[in-house]
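Trainee: As a plain string of letters, each chain reads:
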Amino acid sequence: NAGVTQTPKFRILKIGQSMTLQCTQDMNHNYMYWYRQDPGMGLKLIYYSVGAGITDKGEVPNGYNVSRSTTEDFPLRLELAAPSQTSVYFCASSYSGRAYYGYTFGSGTRLTVV
Amino acid sequence: EDQVTQSPEALRLQEGESSSLNCSYTVSGLRGLFWYRQDPGKGPEFLFTLYSAGEEKEKERLKATLTKKESFLHITAPKPEDSATYLCAVQVMNRDDKIIFGKGTRLHILP
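Line by line, the protein sequences are chains B and E.
For the first sequence, the positions run 85 to 198 when the numbering used here is used.
For the second sequence, the positions run 19 to 129 when the numbering used here is used.
Heads up, some of the hints might be wrong.
To be verified - Some chain E residues near chain B, calculated using beta-carbon distances under 8 Å:
| hint | residue |
| --- | --- |
| 1 | T67 |
| 2 | F119 |
| 3 | G120 |
No lab work stands behind these hints, which were simulated from the structure alone.
Think of the CB as a built atom: it goes at the ideal place given N, C-alpha and C, for glycine as much as any other residue.
Bound conformation, chain B alone (with noise of 0.2 Å):
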């Protein structure tokens, strides 16, 4: 069982290029969530979706999209990356938005823009 699966592991971008981070989930999640982690910062929620079909924006949007076509996959998409969006970027799943069991995330995508 993999749990929540994220690739790459790590990604030196230039300023400006784009990239997708990948997130797969095998648990049959209905909501994902994509985290940044900044040093010495919590995480901070990007993007969540709460099915397949449908997105919304958490609390530092701004520079990223993301889909969700299927209820295993939910990519992030990064347009003209910026230094301020290196970090490390975590997917998480949860089988409800109350969260009970808690959130499985993924093992991370370490991101450098330069």
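Fit chain E to the supplied structure of chain B, relying on the hints for placement.
Mentor: Here is chain E on its own, set in the frame of chain B:
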């Protein structure tokens, strides 16, 4: 404004030296409080959910407690493998049920 504050930022303990981590919160309405463990280079791993004041949860050397304003994560006789960053998060009771994470406490257990 809804807030979650964890203290201390970092804590170094000798193996076997018990201590507590604090998570204080100010929210309009608490739906639940969560504790996670995060190892370097990995995603957070869920530990506990607490829902109401007075509630306690235990797992091995860890015990989480909840009051109306804060939660404690007690670590009894810790071992080096307990070294990690411990994150606290609260789910706010409103239409969005948003979750706010604290900045974490880095715990280092010396052998």
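Trainee: Each hint needs a verdict: does it hold in this structure or not?
Mentor: Consistency of the hints with the structure:
Against a cut-off of 8 Å between C-beta atoms, the interface hint on T67 (chain E) holds, since the closest Cβ of chain B lies about 6 Å away. About 4 Å separates the beta-carbon of F119 (chain E) from the nearest beta-carbon of chain B, less than 8 Å, and the hint is met. Nearest Cβ of chain B to the Cβ of G120 (chain E): about 6 Å, under the 8 Å cut. The hint holds.
Hint compliance for this structure: every hint is met.
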